[in-house]
Amino acid sequence: MKGRRNDDSEDNGFAKWGGYMAAKKSKLEQQFSANPRPEADGGGIFAGVAIFVNGYTRPTAEELKQLMLRHGGTYHHYRSRATTHVIAANLPDSKVRQLKGTDRVVRPEWVAESVAAGRLLDHRDYLLCPARPCGQARLGFPPAVPAPARLASDDNFLEEFYSNSRLHHISTMGAAFKQYVGELRAAGRGSFPGLERLQAAGRHRDGDDGDDDLFGEPGSAPGDRVIMHVDMDCFFVSVGLRARPHLRGLPVAVTHARGEACPCSPGRAETRQQERECYRQRLKERLGEQASVPDDAVPGGSMSEVASCSYEARRAGVTNGMLLGAALALCPALRTMPYDFEGYQEVARALYDTVAEYTLDIEAVSCDEMFVDCTELLRRAEVTPLEFATVLRREIRERTGCTASTGLGPSPLLARLATRRAKPDGQFLLEASEAEGFLRDVAVGDLPGVGRSVASRLAARGVSTCGQLQKLSLAALQAQFGARTGLALHRHCRGVDDRELHTSGQHRRKSVSAEVNYGIRLADRGRADAFLRRLAGEVAGRLAALGLAGRSVALKLMVRAKDAPVETAKFLGHGVCDNVTRSSSLAAPVADAEAIAREVLGLARQIAAPPAEWRGVGIQVSRLEARTAPSHGLERFLAAPRGSEEPRPSTDRVVTLSQVDPSFLEALPDDVRQEVEASLARGGRDSAEELSTDMPLREAETVLREWARTQRRPEPYDIYLLADYAERLAALGRADTLLAVLRLLRECTAHKQDDAWREACQSVEDCAQETMLRVHGEELAV
DNA sequence: ATCCTCCCCTAC
DNA sequence: TAAGGTAGGGGAGGAT
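Numbered by this note's numbering, the letters in the first sequence go through residues 1 to 782 in order.
Everything labelled a hint here was simulated from the structure, so no lab data went into it. All figures in this text were calculated on a predicted structure; none of them were measured in a lab. Using N, Cα and C, we set each Cβ at its ideal position, and we do this for glycine too. One should not assume that every hint holds.
Label-pair distances were calculated between CB atoms; the ranges are [said to hold, decoys possible]:
#, residue 1, residue 2, range
1, D592, G267, 41 to 47 Å
2, R440, A626, 44 to 50 Å
3, R758, V580, 41 to 47 Å
4, A116, G267, 41 to 47 Å
5, R551, A201, 42 to 48 Å
6, V293, R551, 39 to 45 Å
7, T581, A116, 28 to 34 Å
8, S453, P610, 29 to 35 Å
9, E285, L330, 43 to 49 Å
10, E285, S584, 48 to 54 Å
11, L330, A479, 38 to 44 Å
12, R484, D295, 31 to 37 Å
13, E277, Q762, 43 to 49 Å
Straight-line C-alpha distance at most 30 Å; calculated DSS-like pairs for lysine-lysine [what the hints assert, rightly or not]:
#, residue 1, residue 2
14, K284, K510
15, K570, K556
16, K178, K510
17, K178, K423
18, K471, K423
19, K562, K178
20, K556, K510
21, K284, K570
22, K284, K562
23, K556, K284
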């Protein structure tokens, strides 16, 4: 995932201005640096790390010293204040206690495996003495104070929450790869090296035996589709195992917690029981039956969720989504691994790039899953579906270090069902003629669109397999589930699916939202309003990145249910809640944080739930439209002498695609890259109007006008937009315009110098400087 | 009929 | 401790 605002939102998006600018600067350095990586040999991963080795270790102290020195770290012969980590293999208890801060006493594997992984792994994963989650209070000592937890009312809450939320990452990575496929298609790559390799291999083989019959079914009609479903095996675990070969073959799970028993919340088990009972009552009211609620928690066990678990763990009964405490009860040998969101991004990118060497008829489902229409590719390569699957899976394994499974069939539905049979690390072809027999024993829950709710309603009618489902009439299904859902069930359980792959990027977004249902503990109205404002800022940032505005704003609150315990069993969780949504439709589309916040504050007042009872907050903007172009673009404004609207001929030089270093394009955030590629494809002749139709540009114009005209202190948001604008100009190679922006910035606003102002100038200057060097090969004379 | 609002459900 | 997001499909029921 590119470090884009909507992924790594800072606070309300902008409060951490210094941090944002620092990050932006280092990103620019990376993007434009002539030498992309200062240490090509993989060094530098220990920059800032200083180790002291205590006692005997393997690797030995001397070897560790060499590793540190070779990879940018420091080795201390004596432990000093500057020592960041103590390396030890095992220490007597007395020694451990003597070493203050056992949170920095790390097993030697940390060093070796970081080197193997090519980056600094989280040392917390290698602690010699993993911290007791809760301090061991002893009689006579003051009670241990738990580490301060970040609440929604804290300044950096949003940033921290989003950076740790697996669901947020799953969602944004999915969107990013859908866009990536769209970009690849838009770029219209003409060559498919993978396909060419296949063709070459085929020609070679033909010469050997002259056997031409490689199409599989000789009688298959030429119009028949071959759809392949590609899905990485337990993705998060597979990525983590690359750097932890010693865990291969063991039951492993990716979780936040590490699973030590937590004796600090003795009331948790009872709380959980209360929550279960409360939940059961509500289910009873809704469904009119005595629904049973499974006991998913273990007294004293971790409430952290298993994001992904290995097949060894699954054999012991562990499933994704299970609470870690319960998973450990089923599988005491279960080993946990921390998240590695950057790693997921990298591997996913390699996965997509691998498939894209064969075809761009790809529908991205998520970061680790896609449909591929292989019809054309198989015809051109003259290989059978399973031959291609074998080649592709081997290549994915070689390029990512992770395994994928593939299912093949005449439709997305059958391809997907085939994958279930193929997993793990396998492939399976499901022919149309076999579909009916195959489906008979497929669980209804395996059909798309059949989740917990539909499955349990079907189970109430004694239906758990597709074979049983086939016996229900269309009318009966539609009566219970509605017209569309009923029809889909009726068709899918028979293997009928004529859905087209959704491969191109002509998809129109319908809503943009941000939601937090964790850590929401807002003591009073003031804090609630402040949080709503921050969340509104987050949504505004996402809208800005997409160039969209919307005419409907909705607020969703999760409110503690009447009988639910005030403190949840899961730490800072939402517990059992009522969901409430209110929306307001607007005459004019909104996109800025203030306007969204205004609506949302009004809606919150309408809902009238006491903020102290809120357990979740979400803001959604819908009925979207592209932001309208301004009357005149920023470039024209800048190009004109100040005080005049007369356009001045631009001296910007035109850049063409061949002049652009591909690695530079690659380093750009997705949306900027798309814009640049589109622009370059048009011959690099963006008119001011075209450029200005992009909303951030229009807002940047407003920023500069406002700064020039008023005494108002620049808002961080304004500066953010300006920096964004500068980056776009840099991407387009418009050094002259950047200079104009810089000049204007200095002339018009020098009287309000402060840190933000200086950083804004610096950012624009950096962009200009780099652009001059890159495009014109000249130093910038400032 | 068709639209709108407020949900619920599903998928990753 | 723990990080329970996000977009889209669709249904119920009321307004037009």
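Checked hints:
1. D592 / G267: 41 to 47 Å: Holds, since D592 and G267 (Cβ atoms, about 45 Å apart) stay within the stated range.
2. R440 / A626: 44 to 50 Å: holds (49 Å)
3. R758 / V580: 41 to 47 Å: With a Cβ separation near 45 Å, R758 and V580 satisfy 41 to 47 Å, so the hint holds.
4. A116 / G267: 41 to 47 Å: holds (43 Å)
5. R551 / A201: 42 to 48 Å: violated (55 Å)
6. V293 / R551: 39 to 45 Å: holds (40 Å)
7. T581 / A116: 28 to 34 Å: violated (49 Å)
8. S453 / P610: 29 to 35 Å: holds (30 Å)
9. E285 / L330: 43 to 49 Å: violated (32 Å)
10. E285 / S584: 48 to 54 Å: The hint (48 to 54 Å, Cβ to Cβ) is violated, given that E285 and S584 are roughly 29 Å apart.
11. L330 / A479: 38 to 44 Å: holds (40 Å)
12. R484 / D295: 31 to 37 Å: Given a distance of about 35 Å, which is inside 31 to 37 Å, the answer is holds.
13. E277 / Q762: 43 to 49 Å: Roughly 59 Å apart at Cβ, these two residues miss the hinted range, so it is violated.
14. K284 / K510: violated (35 Å)
15. K570 / K556: Holds, at roughly 21 Å.
16. K178 / K510: This hinted pair holds, its Cα atoms lying about 15 Å apart.
17. K178 / K423: holds (24 Å)
18. K471 / K423: holds (29 Å)
19. K562 / K178: violated (41 Å)
20. K556 / K510: Within the cut-off at roughly 17 Å; holds.
21. K284 / K570: holds (23 Å)
22. K284 / K562: holds (15 Å)
23. K556 / K284: holds (24 Å)
In this structure, the hints that do not hold are numbers 5, 7, 9, 10, 13, 14, 19, in rising order.
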